[in-house]
Amino acid sequence: MYKAIRFLLILVCFITVAVDLTGQDTLLAILDKEIVKIQEDYDKKEQPPYFIDLRVHDFTTSMLQYASGILTLQHQSRDRIVTTGMRIGDYMSDNTSALDNADLIDNWIPVFADKLPFENDSLAVCHSLDYSFEIAYQQALQQYRTRQKNPNLTRKRETVPSFSIEKPARYFEEPLDMLLNDSAFSTWKLILKNVSETISNEADVINSTMALMVLNERIYYLNSEGTRVVQNRPQCQIQLMVAIKTRDGTIAPVTQSYIGRNMDVLPTGVKLDEYVINLKHLVMELRDAPLADPYAGPAMLSPEAAGVLFHEIFGHRIEGQRMNSTFDSQTFMDKIGKQIIHEDITIISDPTQKEFNGIPLFGSYPYDDEGVPARAVTVVDHGILKEFLMSRIPVKGQLHSNGHGRAQVGSAPFSRQANLFIKSSGSISEPAMRKLLLRECKKQHKAYGYYIKEVFGGLTSTDLFSPQVFNILPTVVYRIYTDDRPDELVRGVSFIGTPLTVFSEIMATSDRYEVFNGYCGAESGNIPVSTISPGLLIKKLETQKMPETKVIVPKIPSPVKKK
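Each residue of the sequence shown is one higher than the one before, counting from 1 in this note's numbering.
Note that these hints are calculated values from the structure, not bench results.
Treat the hints loosely; a few may be bogus.
[Unchecked claim] In silico PhoX-like pairs for lysine-lysine, Cα to Cα no more than 20 Å straight-line:
(1) K354 to K443
(2) K386 to K423
(3) K338 to K443
(4) K33 to K44
(5) K335 to K453
(6) K271 to K189
(7) K354 to K446
(8) K335 to K442
(9) K338 to K423
(10) K335 to K193
(11) K540 to K435
(12) K539 to K453
(13) K193 to K271
(14) K386 to K396
(15) K280 to K540
(16) K386 to K446
(17) K386 to K338
(18) K539 to K435
(19) K442 to K539
(20) K335 to K271
(21) K271 to K245
(22) K435 to K453
(23) K446 to K539
(24) K396 to K338
(25) K446 to K435
(26) K386 to K335
It should be emphasised that the depicted structure is a prediction, and the values quoted were computed from it without experimental measurement.
Using the sequences and the hints given, assemble the complete structure.
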């Protein structure tokens with residue numbers, strides 16, 4: 001009786017959605033009709049799925065790359081990938097319910113990804129969907145039977161469902177046209193060539209790579225509950241990477257990225273020329289900069305560097321889905337309602353914000369990859385942990401999604417960060433922070449402290465069987481001396497530590513906020529994220545030397561090198 005009522009309600013929702021949306025998009029109309037048919041077909045099976053969904057990523061990509069002034073990549077492509085999933089059982093307990101078995105990953109969600117035809121031919125598209133759903137069903141069924149055959153391995157989840165019930169959503173965006181035409185390609189080729197060639201002509205520069213990537217991604221999400229969401233997630237990026245041979249024969253890399261949601265926010269050729277002038281001065285300084293020694297003491301982090309630090313040491317540990325995994329360290333498992341960081345700090349993940357001070361935020365979206373509306377989540381309120389970032393996988397104390405189920409094409413959604421805002425009610429100016437740094441250095445009998453200005457990225461582990469450490473990879477680091485010597489650029493350093501220790505060592509935050517845009521890789525693939533943070537002063541931060549790579553200089557000079 002329950003199953004029949006559920007199907008009737010879903011069918012009513014299908015009809016409503018079809019009237020509202022499917023007439024605006026041919027592919028959506030095909031997907032909408034087919035998912036209804038598939039639900040009807042599979043509902044007749046001995047073990048019918050109670051939930052099915054599909055996510056189609058339809059994207060075009062334009063790429064250009066120059067190395068030392070020479071074109072090394074020119075590429076335009078079109079892809080259309082469908083990711084299908086099924087759940088067998090019911091919302092309370094299904095095939096994904098965790099097993100106490102070392103060979104199985106907790107909450108592993110079987111999905112299947114495959115190519116979908118570019119042309120909106122109904123028969124061709126439906127044939128591909130039928131095949132994809134059959135594979136997804138067989139995966140889910142095998143998982144479900146394994147669980148049924150091993151009842152003693154199943155953990156009791158008396159109060160925590162396997163999957164949350166959410167209100168069906170309907171949302172539609174008109175398609176965008178961002179494919180670079182021949183004229184745009186020619187213009188950007190000239191810009192990238194000039195910038196790459198200019199840098200490569202500097203002494204001891206062994207490589208200068210300039211790349212442009214324009215991704216026009218359109219995502220369709222449909223499920224058997226009636227959700228129909230179609231949205232665009234365009235991505236534009238220019239990346240410059242320069243490697244210079246230092247005085248001791250090793251490599252010192254410098255990177256610079258410009259990221260946005262459309263071409264208008266990328267720097268023009270004139271602006272890039274200005275940036276290159278500053279970059280040339282920096283790489284020349286790095287060539288002669290000394291190697292840093294291992295260090296443990298006071299350090300200042302720029303807002304960008306602090307953003308990476310918060311993303312790594314904090315952001316991954318408040319992704320709620322991890323709280324169900326016996327393989328995760330679950331750093332904040334029982335910390336809801338307790339103070340975990342300084343009382344001046346509030347942390348909010350807000351994917352609804354598209355920009356900050358005119359800078360586009362890369363982690364923005366109106367709906368997540370499970371069709372749940374994005375919303376701002378206050379994770380920490382004045383030092384107190386309030387809630388986790390949630391997908392539709394419930395955890396104890398949080399039984400519903402808050403719009404943070406995210407995934408790369410071909411992966412199942414996982415609770416992930418979006419736009420992480422770190423706010424402080426006790427900020428001080430950067431000159432005041434510098435004075436505080438010097439005072440603390442003298443107190444600890446240190447001749448200098450560190451200022452981490454720019455970083456390439458970072459990594460961390462939340463695995464229970466791995467050390468709970470982080471590693472941030474700076475590219476521009478200065479020593480700030482207590483005896484009034486000029487600040488000194490150093491190289492070959494990374495800073496490391498454990499999350500809870502670093503939280504307890506935060507002394508101050510700056511009144512300047514900046515954005516760090518980038519990509520984050522985790523269980524559900526690489527996704528775009530942003531962190532908005534003030535600068536930090538940390539009482540004790542540990543650094544270590546980075547591995548050195550000796551340069552092998554080709555005997556034949558660069559073809560664009562000017563004599």
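Results for each hint:
1. For the suggested pair K354 and K443, the alpha carbons sit about 43 Å apart, so the restraint of at most 20 Å is broken.
2. For the given pair, K386 sits about 15 Å from K423 by alpha-carbon distance, which is consistent with the 20 Å threshold.
3. Proximity of K338 to K443 is assessed by CA-CA distance (about 31 Å); at most 20 Å being required, the pair is judged violated.
4. About 18 Å separates the Cα atoms of K33 and K44, which keeps this hinted pair within 20 Å; it holds.
5. A threshold of 20 Å between alpha carbons decides the hint, and for K335 with K453 the separation of about 32 Å lies outside it, so the pair is violated.
6. Restraint check for K271 and K189: satisfied, since their Cα atoms lie roughly 16 Å apart, inside the 20 Å limit.
7. At most 20 Å may separate the alpha-carbon atoms for a hinted pair to count; K354 and K446 exceed this at roughly 42 Å.
8. Our distance criterion of 20 Å between C-alpha atoms is broken by K335 and K442, whose separation comes to about 35 Å.
9. Using a Cα cut-off of 20 Å, the hinted pair K338 and K423 holds, with the two alpha carbons roughly 18 Å apart.
10. For the suggested pair K335 and K193, the alpha carbons sit about 53 Å apart, so the restraint of at most 20 Å is broken.
11. For the proposed pair K540 and K435, the alpha carbon gap of about 16 Å is at most 20 Å, so the pair holds.
12. Taking the CA atoms of K539 and K453, the gap is about 17 Å. The hint holds against a cut of 20 Å.
13. Our distance criterion of 20 Å between C-alpha atoms is met by K193 and K271, whose separation comes to about 15 Å.
14. Taking the CA atoms of K386 and K396, the gap is near 13 Å; set against the 20 Å cutoff, the hint holds.
15. With a CA separation close to 32 Å, the supplied pair K280 and K540 exceeds the 20 Å bound.
16. Among the hinted pairs, K386 with K446 is inconsistent with the structure: their alpha-carbon atoms are about 38 Å apart, more than 20 Å.
17. For the given pair, K386 sits about 8 Å from K338 by alpha-carbon distance, which is consistent with the 20 Å threshold.
18. A distance of roughly 13 Å separates the Cα atoms of K539 and K435; the hinted pair therefore holds under the 20 Å criterion.
19. A hinted pair counts as satisfied when its Cα atoms are at most 20 Å apart, and K442 with K539 qualifies at roughly 12 Å.
20. With a C-alpha separation of about 47 Å, the suggested pairing of K335 with K271 is violated against the 20 Å cut-off.
21. Simply put, K271 and K245 have alpha-carbon atoms about 26 Å apart, too far for the 20 Å limit, and the pair is violated.
22. Between K435 and K453 the CA atoms are separated by roughly 17 Å; this keeps the pair inside 20 Å, and the hint holds.
23. Restraint check for K446 and K539: the C-alpha separation of about 12 Å stays at or below 20 Å, so the hint holds.
24. A threshold of 20 Å between alpha carbons decides the hint, and for K396 with K338 the separation of about 16 Å falls inside it, so the pair holds.
25. Taking the CA atoms of K446 and K435, the gap is near 14 Å; set against the 20 Å cutoff, the hint holds.
26. Restraint check: the Cα-Cα separation between K386 and K335 comes to about 9 Å, which is no more than 20 Å; the hinted pair holds.
In summary, the numbered hints that this structure violates are 1, 3, 5, 7, 8, 10, 15, 16, 20, 21.
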